[in-house]
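Novice: The task is simple: from the sequences and hints, build the whole structure.
There are 2 protein chains.
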Amino acid sequence: MDVKAYMATVGQQARAAARAIGKAGTGTKNTALLAMVDAIEASRDTLMAANQIDLDNGKKNGLEPALLDRLALTSDRIDGMIEGLQQVAALPDPVGALTDMTYQPSGIQVGKMRVPLGVIGIIYESRPNVTVEAASLCLKSGNATVLRGGSEAINSNQAVAECIRKGLEAANLPTNTVQVIETTDRAAVGELITMPDYVDVIIPRGGKGLIERISNDAKVPVIKHLDGICHVYIDGAADKDKAINIAVNSKTQRYGTCNTLETLLIAESIASELLPVLAEQYQVKGVELRGCEKTCAIISGAIPATQEDWGTEYLAPILSIKVVDDIDHAMNHINQYSSEHTETIVTENHSLAQRFLREVDSSSVMVNASTRFADGFEYGLGAEIGISTDKLHARGPVGLEGLTTQKYIVLGDGHIRT
Amino acid sequence: MDVKAYMATVGQQARAAARAIGKAGTGTKNTALLAMVDAIEASRDTLMAANQIDLDNGKKNGLEPALLDRLALTSDRIDGMIEGLQQVAALPDPVGALTDMTYQPSGIQVGKMRVPLGVIGIIYESRPNVTVEAASLCLKSGNATVLRGGSEAINSNQAVAECIRKGLEAANLPTNTVQVIETTDRAAVGELITMPDYVDVIIPRGGKGLIERISNDAKVPVIKHLDGICHVYIDGAADKDKAINIAVNSKTQRYGTCNTLETLLIAESIASELLPVLAEQYQVKGVELRGCEKTCAIISGAIPATQEDWGTEYLAPILSIKVVDDIDHAMNHINQYSSEHTETIVTENHSLAQRFLREVDSSSVMVNASTRFADGFEYGLGAEIGISTDKLHARGPVGLEGLTTQKYIVLGDGHIRT
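Chains Y and A are the protein sequences, given in the same order. Residue 409 in this note's numbering is what sits at position 403 of the first sequence, and the numbering runs on without skipping anything. Residue 36 in this note's numbering is what sits at position 30 of the second sequence, and the numbering runs on without skipping anything.
Rather than coming from a laboratory, the hints here were simulated on the basis of the structure. Any given hint might turn out to be false.
Since the list gives no way to pick out one identical chain from another, each pair is judged satisfied if it fits inside one copy or across any two copies.
List time: in silico DSS-like cross-link candidates among lysine-lysine, alpha-carbon distance up to 27 angstroms [claimed, not checked]:
| hint | residue 1 | residue 2 |
| --- | --- | --- |
| 1 | Lys172 | Lys65 |
| 2 | Lys248 | Lys413 |
| 3 | Lys413 | Lys214 |
| 4 | Lys118 | Lys248 |
| 5 | Lys29 | Lys413 |
| 6 | Lys291 | Lys225 |
| 7 | Lys248 | Lys225 |
| 8 | Lys225 | Lys214 |
| 9 | Lys172 | Lys29 |
Predicted, not measured: the structure shown is a model, and the values here were computed from it.
Specialist: Spelled out as structure tokens, the structure:
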């Protein structure tokens, strides 16, 4: 297969389909999404058989158990895909919304219309349910999509793609609205991220290594999320119960997510009272504690943190703890080590809360709430394609609106500029 | 001079200054802007003397008269700089605005806060007044700036920079909030666009060649504008007077601007009636007409357009004209040749106007108005740093809001995720 020529064809087809899906009505798009539900429901056996081939190949190739688990399309996960499609169909359509229509001194009326981005390329790792999730969010927001899943999931993804195509056909939408790349050749990724004429934005979903590689080589804008080095700062004026609940929940509710707490900062005035209580709770849950000198002096079970710890996203039951003088000291630490994902202050002091909200430059800044809330569903977006730690375009959890842009609309009545 | 080390220092200083200017109050920022006015007012002679050195060097180096004219800091242009600063001081401050604060089922309150981008790098060509314009817009929106003007304007820009520094000092803001690069070494640009740790976004202002070079080499996001191949489509249901006024104004009000009409599309049903009238008006103004076959059959003075004409931004008194069957034919042409800057339909038909607004994918889409309105001032933005033909982040005229981003704010009362 000539990958370059194949990808150029995929790109041209996507660009052509983008025009059709961009002007499709909400009802048509919902019809397609619900027809995909029917197709998946009718293809459960086919999907699981295709997935079994991938699982068998994976075992043969020595894929790690954790990866095999992510690859598996169980009956529960197929239910999840169906539920996801129904949820996206029920979400409001962001496309076409007009805002800020105001008359200008010249007499023209100017405002903004929300419109699709065009063609979105999505590169992801082994989970085949991402295929449906990404396709449905891009479709509802009026975009054409080119999906490139992990090579270990190729059979599962192609089976899912067939269900997606049936849904598009049922709504008389071009089947090229969603294209799942048919080759596992890595060169296809290189082509996808360097076709600005055909692709408007790339969204990589996967480990940091994958995302860094893509960002470095892309000639198309990338909406991405690298690290999630999140902080909780327990201020001297914190309510102690809230502080303990938030610090424990932020770290232990789930360990492998990007919005999990990695470094706890605590004001010196309250450290000797709270740290022993916190340490006990963390130790019950099996969290390893790595502390600064002052922390280790208070908690006997903590081991000394190295410089590297402050810049590490553990994604594991490990927590670094630092005693700080005050909010300025805490914000300096955050400023230096945070990945600008999510930070929380626990305090009852209004002025300090306001300063933290204003001055901490992260995609989510919180007062008296667990970092684990940084999530599209919890924020009321209805769904999310990912979390962006970029500053431009979309920041934080990215829902349907993040997959659109705006254009200016001008209404005149024969107005000319003088 | 070690350019790499120099630029790294500039970058570090900008990043440090960004924290201070990001949290500065509106009053402080306005104080700085108005103190810059005082400094410029007091430095008229110094500014013009510095500019004279640049002009003399330019003449010696054989700079073209048009470039020498753009380089000149006349008394009028200094007045313009002062007026610009006063206007920016009077604009509302976008920073800190909270929107969409809503309670979620979990009990947390989620919304967005508008915040500065951080450090903005601006690369521009000879006009020294851009130095003040760019610095003031970035300052008001809470950003630190690194400015790199044309080497032929180095003395003028450094004299302007001194006035900016005085203004910052008067408001007790760090003078590194605005840094004008002191070397004319081209390697400085290469460094500026590849320092993602220190620079959040690059805005190039200048010719297409400059912008393409920067976009290709940048490792930092770029907000840019390439071509302005703008279209007016005169529909069969157009009001004839409005059509003539708009088509003439869009082309002839100014020739060298990016929102100037370059290709006129006209419905066949109305072409033989309107084209002769239009041709007469264009010919009076000295506009050369290049037409499709049907156009040339109607207008004797038109010369045949080549394929290249449809994709050319003339920036000159030249207009290409094409007779089309209907709105679909017109939109297909626009889809193929437009640079996605600005397109107008002239029609009295409501449904066709709505289709054009919805389906044309350009940064500005207009009904019955001159393309020349595509401008930050005309849109009520108060000022503009440029016009973006990118889709992500900022699209169309970019004012203060385009120089900011948003972060999510979460307010809880000890809320944890269950």
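Novice: Now look at each hint and say whether the structure bears it out.
Specialist: For each hint, the structure was consulted:
Neither within a single protomer nor between protomers do Lys172 and Lys65 lie at most 27 angstroms apart by alpha-carbon distance, with minima of 31 angstroms and 69 angstroms respectively. Proximity of Lys248 and Lys413 under a CA criterion of 27 angstroms is satisfied inter-copy only: 24 angstroms between copies versus 44 angstroms inside one chain copy. With identical chains, the CA atoms of Lys413 and Lys214 are at most 27 angstroms apart between copies only, with a shortest distance of 22 angstroms across copies and 33 angstroms within one. In this homomeric assembly, Lys118 and Lys248 come within 27 angstroms of each other (Cα to Cα) only across copies, at 24 angstroms, whereas the closest approach inside a single copy is 42 angstroms.
With identical chains, the CA atoms of Lys29 and Lys413 are at most 27 angstroms apart within one copy only, with a shortest distance of 14 angstroms there and 30 angstroms across copies. Taking the shortest Cα distances, Lys291 and Lys225 never come within 27 angstroms of each other, neither inside one copy (45 angstroms) nor across copies (42 angstroms). For the identical chains of this complex, Lys248 and Lys225 are neighbours neither inside a copy (46 angstroms) nor across copies (42 angstroms), given an alpha-carbon limit of 27 angstroms. In the homo-oligomer, the alpha carbons of Lys225 and Lys214 lie at most 27 angstroms apart both inside one protomer (19 angstroms) and across protomers (18 angstroms), since each shortest distance falls under that limit.
Taking the shortest Cα distances, Lys172 and Lys29 sit within 27 angstroms of each other inside one copy (20 angstroms), while across copies they are farther apart (53 angstroms).
Going down the numbered hints, you'll see the structure goes against 1, 6, 7, while the others check out.
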